[in-house]
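Trainee: Residue numbers (my numbering), protein chains in the order written: chain A, 537 to 639; chain B, 4 to 152.
Be aware that a few hints might be false.
What the hints assert, rightly or not - Anything over 10 angstroms on all C-beta distances counts as not near chain A; from chain B, calculated: (1) T37; (2) P39; (3) V52; (4) K58; (5) A60; (6) R62; (7) S64; (8) E68; (9) V73; (10) L74; (11) E103.
To be verified - If you want the footprint, here are the derived chain A segments under chain B, 3+ residues with CB under 8 angstroms: (12) 611–621; (13) 630–638.
To be clear, the hints were calculated from the coordinates, so they are not data collected in a lab. Glycine residues also receive a C-beta, built at the ideal position from the N, C-alpha and C atoms.
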Amino acid sequence: MESEIFRVLADPTRRAVFERLASGEMSVGALKKGFDISQPAISQHLAQLRKAGLVAERREGRNTFYAANPAALDPLLAWIDRYRNFWPDRIERLKTVLKEMDQ
Amino acid sequence: MSESKHRKEDEESRSIAFECDLPEPPDKVWRALTTPEFVSEWLLPTDLVPEAGEKFAFRDSPETEIECEVLSVEPQRSISFGWRDAEARRNRLNSTVTFEIAGTDRGGTHLRIVHEVRYEAQAVTAIATIPRVTATAANDNLMQLRLAA
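Please construct the entire structure, taking both the sequences and the accompanying hints into account.
Mentor: Printed below as a string of structure tokens:
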């Protein structure tokens, strides 16, 4: 999941879309105004951002609004989380190595 | 285990830390932490040379390596090295691993491992464009989720 977030935000346009949505909820039409790409292209990026949990969608009648999901964003924490179980596991192995050393 | 975050205007990092008491004396633990044969056994296969400035690697899969460089060594006390795995290289992150040891009054060793990650200097500008409020909210939400979990 974390690496999915990294992959999705690695695209500069997608990252820009996400950053734009971080300033507030908006429709695809409103969002498109800031970008020099087609609406289908924007929708593609939104679909990827949604799949990664970075953007949330809200329907109101015929309109759909998109907003950044700030909880999903913390690349540093996402990265280091991958080591949260790694080190305790390695410490257990270190204990075994220490017991077997010099024998 | 503890967790901390630091925020300054243009500097940001995350760290995790682990501590444990070992029955073996510090000199033996030091050897286990800095001799490539032993480190390869408990951590990951490596060609570590425990001298400041030395570049080395840990093999974390058949295809990829964690690129490392010894940043500082204080014999019998601490060793610190840069740790860049494939994900860090892709995302322009730098992390640092530090092993610290101290003798205990029972003749054993207290070990502390700190792993800290931050953005590469040139990546900071891009991150800074994300509205500060959002980034702060993200942290708070994640911290709360973690507490609830």
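Trainee: State for each hint whether it applies.
Mentor: Each hint, compared with the structure:
1. T37: 12 angstroms, holds
2. P39: 13 angstroms, holds
3. V52: Non-interface label stands for V52/B: nearest chain A Cβ at 19 angstroms, farther than 10 angstroms.
4. K58: The claim stands: K58/B keeps its Cβ more than 10 angstroms from every Cβ of chain A (closest is about 21 angstroms).
5. A60: Consistent with the label, A60/B stays out of reach of chain A, its closest Cβ about 16 angstroms off (over 10 angstroms).
6. R62: About 14 angstroms separates R62/B from the closest Cβ of chain A, which puts it past 10 angstroms; holds.
7. S64: It holds; S64/B is separated from chain A by about 13 angstroms at its closest Cβ, greater than 10 angstroms.
8. E68: 16 angstroms, holds
9. V73: 18 angstroms, holds
10. L74: At roughly 18 angstroms from the nearest Cβ of chain A, L74/B sits farther out than 10 angstroms, so the non-interface label holds.
11. E103: 13 angstroms, holds
12. 611–621: holds (count 8)
13. 630–638: holds (count 7)
The structure shown violates none of the earlier numbered hints.
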